[in-house]
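Residue numbers (the numbering used here), protein chains in the order written: chain A, 104 to 412; chain B, 75 to 371.
Keep in mind that a hint or two might mislead.
Chain B is nowhere near these chain A residues, computed Cβ spacing over 10 Å in every case [stated by the list, open to error]:
1) A250
2) S293
3) L314
Ranges between beta-carbon positions, derived for each pair [as the list claims (entries may be wrong)]:
4) B:G337 to A:Q294: 49 to 59 Å
5) A:R289 to B:I366: 22 to 32 Å
6) B:L109 to A:W187: 18 to 28 Å
7) B:G337 to A:V260: 11 to 21 Å
8) B:G134 to A:A376: 51 to 61 Å
9) A:F290 to B:M269: 26 to 36 Å
10) A:Q359 to B:M269: 54 to 64 Å
11) A:S355 to B:E215: 14 to 24 Å
12) A:Q294 to B:T141: 56 to 66 Å
In short, the hints are calculated from the structure, not lab data. These numbers were taken from a predicted model, which means no experiment stands behind them. Idealized CB from N, CA, C, for every residue including glycine.
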Amino acid sequence: MARGAGPVALPSPPVAAPAPRVRAGLGARARRRLPGIASVALVVIVLVVLFGPVLMLALFSFNDSSIISLPWEGFTTRWYEAAWNEGQARDAVLNSLLVASIVATVSLVLGTLAAWGLTRLRFFGRGLAAGLHGSVLVVPWLIIGVAGLIFFSEVGVALSLQTVGLMQLVVTFPLVVAIVSAGLVRFSRSQEEAAIDLGASQLQMLRYVVLPQIAPSLAAAGIFAFAWSFNNFEISFFTGGFEQTFPVWVFSILRQSENLPVVNAASTVIAAAQVLAVFGAWLLIKRLSRRGGSGGDEAISELMTGAVR
Amino acid sequence: MESASVPAPRVPRRSRRRSLLRPLAFMSAPMAVLLLFFVAPMVVMLVIALQYGILSGQSGFTLSNFTDVLGDDLYRDVALTTVQIATAAMVIQLLLAVPLAYVLAFKAGRWEIPLLLFFVLADELNPMVRIYAWRMLLGREGLINSFLIDIGLIDQPIDALLFSKFAVIVVLSTSYLTYTVIPIYAAMKAIDKNMFEAARDLGAGWWTTFRRVLLPLIAPGIFVALLLVYIPLFTDFASPALVGGTEGYMLGNVVNDLVLETGDLNGGAAMSMLMLLAAAIFAVIAYRLAKIKQLEQ
Numbered sequence: 104m105a106r107g108a109g110p111v112a113l114p115s116p117p118v119a120a121p122a123p124r125v126r127a128g129l130g131a132r133a134r135r136r137l138p139g140i141a142s143v144a145l146v147v148i149v150l151v152v153l154f155g156p157v158l159m160l161a162l163f164s165f166n167d168s169s170i171i172s173l174p175w176e177g178f179t180t181r182w183y184e185a186a187w188n189e190g191q192a193r194d195a196v197l198n199s200l201l202v203a204s205i206v207a208t209v210s211l212v213l214g215t216l217a218a219w220g221l222t223r224l225r226f227f228g229r230g231l232a233a234g235l236h237g238s239v240l241v242v243p244w245l246i247i248g249v250a251g252l253i254f255f256s257e258v259g260v261a262l263s264l265q266t267v268g269l270m271q272l273v274v275t276f277p278l279v280v281a282i283v284s285a286g287l288v289r290f291s292r293s294q295e296e297a298a299i300d301l302g303a304s305q306l307q308m309l310r311y312v313v314l315p316q317i318a319p320s321l322a323a324a325g326i327f328a329f330a331w332s333f334n335n336f337e338i339s340f341f342t343g344g345f346e347q348t349f350p351v352w353v354f355s356i357l358r359q360s361e362n363l364p365v366v367n368a369a370s371t372v373i374a375a376a377q378v379l380a381v382f383g384a385w386l387l388i389k390r391l392s393r394r395g396g397s398g399g400d401e402a403i404s405e406l407m408t409g410a411v412r
Numbered sequence: 075m076e077s078a079s080v081p082a083p084r085v086p087r088r089s090r091r092r093s094l095l096r097p098l099a100f101m102s103a104p105m106a107v108l109l110l111f112f113v114a115p116m117v118v119m120l121v122i123a124l125q126y127g128i129l130s131g132q133s134g135f136t137l138s139n140f141t142d143v144l145g146d147d148l149y150r151d152v153a154l155t156t157v158q159i160a161t162a163a164m165v166i167q168l169l170l171a172v173p174l175a176y177v178l179a180f181k182a183g184r185w186e187i188p189l190l191l192f193f194v195l196a197d198e199l200n201p202m203v204r205i206y207a208w209r210m211l212l213g214r215e216g217l218i219n220s221f222l223i224d225i226g227l228i229d230q231p232i233d234a235l236l237f238s239k240f241a242v243i244v245v246l247s248t249s250y251l252t253y254t255v256i257p258i259y260a261a262m263k264a265i266d267k268n269m270f271e272a273a274r275d276l277g278a279g280w281w282t283t284f285r286r287v288l289l290p291l292i293a294p295g296i297f298v299a300l301l302l303v304y305i306p307l308f309t310d311f312a313s314p315a316l317v318g319g320t321e322g323y324m325l326g327n328v329v330n331d332l333v334l335e336t337g338d339l340n341g342g343a344a345m346s347m348l349m350l351l352a353a354a355i356f357a358v359i360a361y362r363l364a365k366i367k368q369l370e371q
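Just chain B, same shape as in the assembly:
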């Protein structure tokens, strides 16, 4: 090898050696962190989910944790509530995000960057501070109720404002709006504005332009927004715990109660794995749809 390298140009030998060493140099630390603290915990959690709990007095592997969780009527109702709340919050955010992204991308002019900054700020603000702020406003003696009573619009405070599905939907809708707006805004920025002119010249009204021109072009962005936002929405646990009460009890609360309140690690692990599976299926579908829509263009 040594002697062969004299006539041969130096480049191939160097690059062959590099092709092994450099990926190792760059990738070994990040991969080690992921394998040790992401893959390994997931595997351990799966193993725990497949084992009998200590309290059951049995040992060995079982599917009973999964069948227990899946067969429980209470959990089925909670899952339904969770999907309702998450879907409502998602729909509200999309209904706001599409026009907002449109205004940002095409109408805002010199306000575009300041407004973007406001959305970044909305995301950076501590979520717990935001939840607390809403709780302060929505409570029985909260600012909204006391204000409405002061001006004489109502006599009794509206109880349904806090500790309800409504409260969770309000808090969640404002928590992830940034991640809904930005992907759709990104898709809009890629649109050639002449498309709209062309559509108008060809006689399309605003609705036709929206449905036939704008919507197909921003579809990938909408699917990215779904991917980024819907999964955190349906696994959220802080908002329902602080503003949801019994009515807004979600799957995240079930996991918390299993793991920390009743100490049923195995049940909690099984529930977490099922939620992870749901998230994975959702992610794959949303990702595929986003790619397909992108390729269609």
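In isolation and in its complexed conformation, chain A is listed as follows:
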């Protein structure tokens, strides 16, 4: 890309040179306005590889044929009716929604408590506690799932959606801790101290100083927690017993049989809902960060880069 920019850049510096210094950044940008075919091609190819297969899957959910292959046999919505009437598919989706709602809510509460404790309080064993929360995030879900299966069978608890929820909670709330901690670290504690000095109570300080600033982080954390739980396969597979979540249902169908249009239809509905959810989340976070005082789009980029550091 740097190569591509070179020759294209040449004509524009003379134009930028007489401009005032403030415009220097714009001049640099103008030079890079044609980022080269390479950049665009790279992005387009990656997007096609990432989303093309899912778009094809959605397309073939409308194909009037029980075999998923060319040629196109005509438009139908019967696979959607079939998916809706198939009890297992509907139950699996409902199970996933139920578990994800509870896991996301509880994760948000536990994660915010822990994030505040770990970033704002000093106590014996704080480093150890922080390390424990962090270590959960690098333990593979497969191993969490197997450990959960063994643990529950040893203590004599039958596997169900409840055990799925508990084990998902374990991996999901530390993610909330990571995202919310990043949000808490970003703004200065002196604001909290100022609020207390000016006579605010602890609760008022949390409500009027802290909450508006970490609202975007909380929203992002809640959305990611929901998605982590909803999409989770390994933990649900090992600790679910006979109760299936949506990913487990797809897996078990694909283990037994060839590709099925019913799975296409159900998957398309889920994928469409997830597209809407991400878009809605973006709008929400943008609004929350504007209200918190920082610019919307920068805040989103900050939010995403903050949590991985």
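Since the structure of chain A is already known, use the hints to place chain B on it.
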């Protein structure tokens, strides 16, 4: 104590009491969940891994589960396949992620946030839906094969597309790209753009600028990406189970087969502990390297 508090300012007493109560109030619930459902299951799994299986007719503690797993030639081959597949997928993702992150951070302009959203979306899409979509495309009668036959490029369907190492690598590379791009993008966002100008003014070509300026600055991000992505890659089990066939059989499948197919909980626990150990060693090294690279700056 009560009388002493009258002359003394209220603040120290209150804060001393708080220093015990408030951490308890905030930390007891999260810590209880972690101890009960993270630490305890891990300990139980370790204990099971160190015990004779019910079927062996012996009782008591033993290392035989570990030696059985480690001494098995089949598992050694599977481990090798696993490392090959995971490494190939990781390299492909890094080769894509570095230029992608560069485009996002410096070139995308007003497309930066929409593109970021696409990457978030790519991650949020259900992994099982993605695996299914690839299976639909890559199969013997899949869309790619039938398309290639229709246009007359090939006569026979290419079998190696599905149920192969290739298929697993393709699916895994697209599954974790978001987590590879974002840390590197984060590292790039922290770079002062003047560095590039300075490098160019000093006569550095694009390769020198990349190797001597950009790469050292994004190294911490690359190690974070390795930490986030390589461990899920080498423990993945759904992708190899659905698109890997016998050729793409990975360690995750071994664990699944031991625990759920043959019912050998002890062997499965031992294998899981070994994978956890490998993951832990990898995580510590990647984390250290990321920190060292960060401190060097």
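Exercise. Could you work out which earlier hints the structure fails to respect and list their numbers in ascending sequence?
Key: 1, 6
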